[in-house]
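*Asks:* Chain by chain, the residues run as shown.
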Amino acid sequence: KQEVTQIPAALSVPEGENLVLNCSFTDSAIYNLQWFRQDPGKGLTSLLLIQSSQREQTSGRLNASLDKSSGRSTLYIAASQPGDSATYLCAVRFLSGGYQKVTFGTGTKLQVIP
Amino acid sequence: DTEVTQTPKHLVMGMTNKKSLKCEQHMGHRAMYWYKQKAKKPPELMFVYSYEKLSINESVPSRFSPECPNSSLLNLHLHALQPEDSALYLCASSQLGGVGETQYFGPGTRLLVL
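Chain order of the listed sequences is L and A.
Each residue of the first sequence is one higher than the one before, starting from 191 at the first, in the working numbering.
Each residue of the second sequence is one higher than the one before, starting from 6 at the first, in the working numbering.
Do not rely on the hints blindly, as some may be mistaken.
Claimed, not checked - SDA-like cross-link-like pairs, simulated, lysine to any residue; straight-line CA separation at most 25 Å:
1) L:Lys191 / A:Gln42
2) A:Lys41 / L:Thr216
3) A:Lys46 / L:Phe284
4) A:Lys43 / L:Gln301
Hints listed in this document are in silico derivations from the structure and should not be mistaken for laboratory results.
A quick note: this is a predicted structure, and the numbers were derived from the prediction, not measured.
Only chain L is shown next, with the shape it has when bound in the complex (with noise of 0.2 Å):
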């Protein structure tokens, strides 16, 4: 069975602060990682998807890497902003059974201090 957690589940940073947002997961025979960004209420945003052949992607002010041997992925979010206050999903995908499944993580929920 497929597990995905998310470390840590809360983190308060300042403005300005570069920081490290943490997914692992149990089986590392996955196709893929996407890491989403959700806000209250709403629905999900897709931020980076990483191929399992693939160690890492950037946009913008993100760079996601992914470790499928060791089972994790990091984002890494630069000069944080109070906009990007909100919680950050990692899902990742597999087969099972030969169907495609998809898990997601805990969540990180991130708040940016103006």
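Since chain L is already given, all that's left is putting chain A on it; use the hints.
*Replies:* Using the frame of chain L, we list chain A on its own:
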């Protein structure tokens, strides 16, 4: 247009009611998904449709009945729900349903069952 729309935004229903949630996308995607998200929990996959055919049912109770009338539209019919079914219901789509694809999420329908 990278938008997935969901209606209604909010829904309150009694345990004897029948209601439907609607999801629409015009990106030409051939895979559509329903997720359920309880408060402070990550989303959980319910159903996957690929080319208008149900490809995954994650052991969801029969009081939830999905329908995909065409490639742009996905419905979730609700009947005889329980209060514990109260949650945010998220719809997503991806290009072909392959494991390497980005999923695009709608804003969700917040459901309250009384």
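*Asks:* Taking the hints in turn, state whether each one holds.
*Replies:* Now for the hints, and whether the structure bears them out:
1. L:Lys191 / A:Gln42: 20 Å, holds
2. A:Lys41 / L:Thr216: 23 Å, holds
3. A:Lys46 / L:Phe284: 20 Å, holds
4. A:Lys43 / L:Gln301: 21 Å, holds
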